[in-house]
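Q: Just so you know, numbering that gives the first Met the number 0 puts 30 at position 31 of the first sequence, and the rest follows in order with no gaps.
Simulated from the structure, these hints should not be mistaken for lab results.
Be a bit skeptical, because a hint or two may be false.
Derived Cβ-Cβ restraints for the label pairs, each shown as a range [unchecked claim]: (1) Asp212 with Pro240: 22 to 28 Å; (2) Thr413 with Gln685: 48 to 54 Å; (3) Gly754 with Gly794: 46 to 52 Å; (4) Met697 with Gln27: 29 to 35 Å; (5) Asn415 with Ser166: 37 to 43 Å; (6) Thr253 with His526: 41 to 47 Å.
A virtual CB, placed ideally from N, CA and C, is assigned to each residue, including glycine.
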Amino acid sequence: MTSDNTASSKYDFKTIEKKWQTLWDDGQTYQVTEDDSREKYYVLEMFPYPSGRIHMGHVRNYSIGDVVARYKRMRGYNVLHPMGWDAFGLPAENAAQKNNSHPATWTYANIDYMRHQLRQLGLSYDWSREIATCNPKYYRWEQLLFIEMFRRGLVYQKITTVNWCESCRTVLANEQVIDGACWRCDAPVYPRKMNGWFFKITNYAEELLDDLDRLPGWPEKVVTMQRNWIGKSTGLTCDFPVEGADCRISIFTTRPDTIFGVTFMSIAAEHPLLDTLIAGTEKEAEIREFAGRIQIDKQRRALDEEPEKLGIFTGRYCLNPFNGKRVPIYVANFVLVEYGTGAVMAVPAHDQRDFEFAKKYSLPIEPVVIPPGTKLDPATMEQASVVPGLLANSGTFSGMDSLAAQAAIILHATANHLGAAHITYRLRDWGISRQRYWGAPIPMIHCDSCGVQPVPEDELPVVLPEDTETGSSCLPLHQRPSFITTTCPKCGGPARRETDTMDTFMESSWYFARFACPRLAERPLDHGKTAYWLPVDQYIGGVEHAILHLLYSRFFTKVLRDLGHLAVDEPFTNLLTQGMVIKDGAKMSKSKGNVVDPNDLIQEYGADTVRLFSLFAAPPERDLEWSAQGVEGSSRFLNRVYRLILANHHQFRAPQTLPLELGASGKGLHRKTHQTIKRVTESIEQNFHFNTAISAMMELFNVLSASTSGNSGDNAEAPVVCEAISVLLLLLSPMVPHFAAEMWELTGNSGSIEGRRWPEFDAEAAREDLLTIVLQVNGKVRSRLQVAADIDDEGLIQMALADDNMVKFIDGMAVKKTIVVKKKLVNIVV
RNA sequence: GCCUGGAUGGUGGAAUAGGUAGACACCCGAGACUUAAAAUCUCGUGAGCCUUAGUGCUCGUGCGAGUUCGAUUCUCGCUCUAGGCACCA
């Protein structure tokens, strides 16, 4: 503690923070084990990529999580609060190449440094559970899970057009392509045909969608984003026979009610039937050339540019199975081969894209759904009519309401074997193959005679080779002959190892479960331990993972359940997506030059101040504008509390039981103390609005400060002051743990603040006995009145009517109405 | 274009089963302490008006309507802004 006892002294955060961090470490204070006698609480923050140093976003994320953890401990929960490292990834390769070292060296050095930084923040982690995902002891289980998924048919290989990032020299999943660019390096992404491994996440599309309804603890925004990403559409699939050929074009539509309005057919340039349709025709070469060109255009297209509708007639026709009508087949650039069936029945009257196409190529427009009270004239229509209406020119369905017609037409199609009800998802299977070195190897073996075989389980893990055979430590596996060469586990003949590594999102898709049993050496997960700890009660992280990581984790949880490793359906019961840390109106980033280094702040103000500010400046879900002066203010507050405690040192020896009769000031402080407990508790419980919790504590401090200033000797109110200070420290302790612990000790409280329970709120003590009633005339505030809390309405109205200020506005008018809101106001209408 | 949020003083933000708008802070201003400065403490601080300077009046929560005794809060129609999705048939 500082030796300077003057009125302007400051607490010595450097010594204090070090002292308590050492005590917590040595005492293994935050290590937990399963305890059936206590309710568990699992709070988790999204673990960081060990990029080198922590940034303000981390500080904010982990401060929020730490308050939750410490608060829940004080409420008596057995709290699991672990931390680890999402350690595979490309930056390690880049750094290794630059420094001519190995990615592991760089990664582990970063982990050591960042762990040190997190410890400096006083975060209450159970460090005994720390995980680094690049450790073979971790990723061996991921390889096992891969094999189990393979055996279950959830993994397959296919040659397909993938997203290729040239700068990262690897494939990306659909979710990792943001606005046509790489999620990591922002370089443009190009399609490329490649062989790769896929997870059948689409098998779980329906469950992933349905279970969103069972996540009331998730922000609506994230739920909506996932729902849209999965993109379920219900409708009809239906085959259109091709005229003069033995094949059919299958279409999917969400508007079966418009099927009588089909005037042409559009297929994608990549449609598998295109070759059959045009083979041998005189326009074959021209059409091929066109199809090739629009595929190339698609790759080159600027992102925000909506291309012009382009198409070419194939010379072939197909028949509408509903009315037998003959319609031309076009290749069109707006039809996506990867969605639905890659072919679209075109109804220009009722679909804007088809409308534009029809206008351009002078194809007929035939309205079949007429909104009541309107007339649709193809000659004058300027856009497609997409609203409901009554069917026309639709055979036996004419006159039907479009909604009813949708069901009826699907029914008709099913009964007559023309088609069937169908559900389509936007979600694609998850491509997990990466052509990079620094990732978990995919544990498969290619044998020319036996095909693809999983690596036998007793040979796991397939460890990343560390030898630098050609001088480069991060040479991709396909360039390492000694890694590739192996024998087939089935026939024993020569075989090749799979050289792709797994998407790093794999590691983060199940780490939260592994934290329940991080050192388990026999299996990926322990039933008893996961049953106790999972699901995660509160998950906290940035909203940028709303789709990627959170969708993959949900998928993995369901897979782990189906593989018998886990007994939960959803990984995260409650999700808090914290806002970004911004400065000067922009997200903190190196390129913008507006970063604030947490290290500097910890040096200058101490961890508690940094934590306090990041909690106080904004509610957690909103963006936080960084303010150097704001940090100053938080520091000032802590020092004020410190000085108050120093100044009242003599009071702490007074008897600690409250006297029966309190004076006005004592009673006021006692009341404020309990009101503060209530407000702080509610702020945390309801929505983790720590900013209002802190402001309530500042108010308590202001009252406390006013009621202690000026009195120097022991007095009757000392017990109330002691109560207020103790409560303030307890309420502060989850946010500023070192400070609270030190002050607790300084006030002479017996034992450490660690392990103390959250203070109880006494409703009786918090009750106001004098109320301020607002007096209004015609809804405008004209006066205020101090009254006893138990006054009746009639008495209140009489006092209001007699009030001097009120008389000025009421005098000479007829009172039409009086409204009394209990404990709040009286409104006189004249 | 579609789906979510958001908009309140010079700034960050409080307050919504409709009931005192601006809590708590930051900045700024004045004062105290100091040879001086920093630190600290005290006071003031939405805008405007006034022959009555007040427990005074008017205006004020993005814009425009509406419901109500009363709207930051509810309804309808807009504007701006952040994020997500986007030729999904």
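Q: Each hint should be assessed against the structure and marked as holding or not.
A: Hints, verified against the model:
| no. | hint | in the structure |
| --- | --- | --- |
| 1 | Asp212 with Pro240: 22 to 28 Å | 41 Å, violated |
| 2 | Thr413 with Gln685: 48 to 54 Å | 50 Å, holds |
| 3 | Gly754 with Gly794: 46 to 52 Å | 50 Å, holds |
| 4 | Met697 with Gln27: 29 to 35 Å | 34 Å, holds |
| 5 | Asn415 with Ser166: 37 to 43 Å | 54 Å, violated |
| 6 | Thr253 with His526: 41 to 47 Å | 44 Å, holds |
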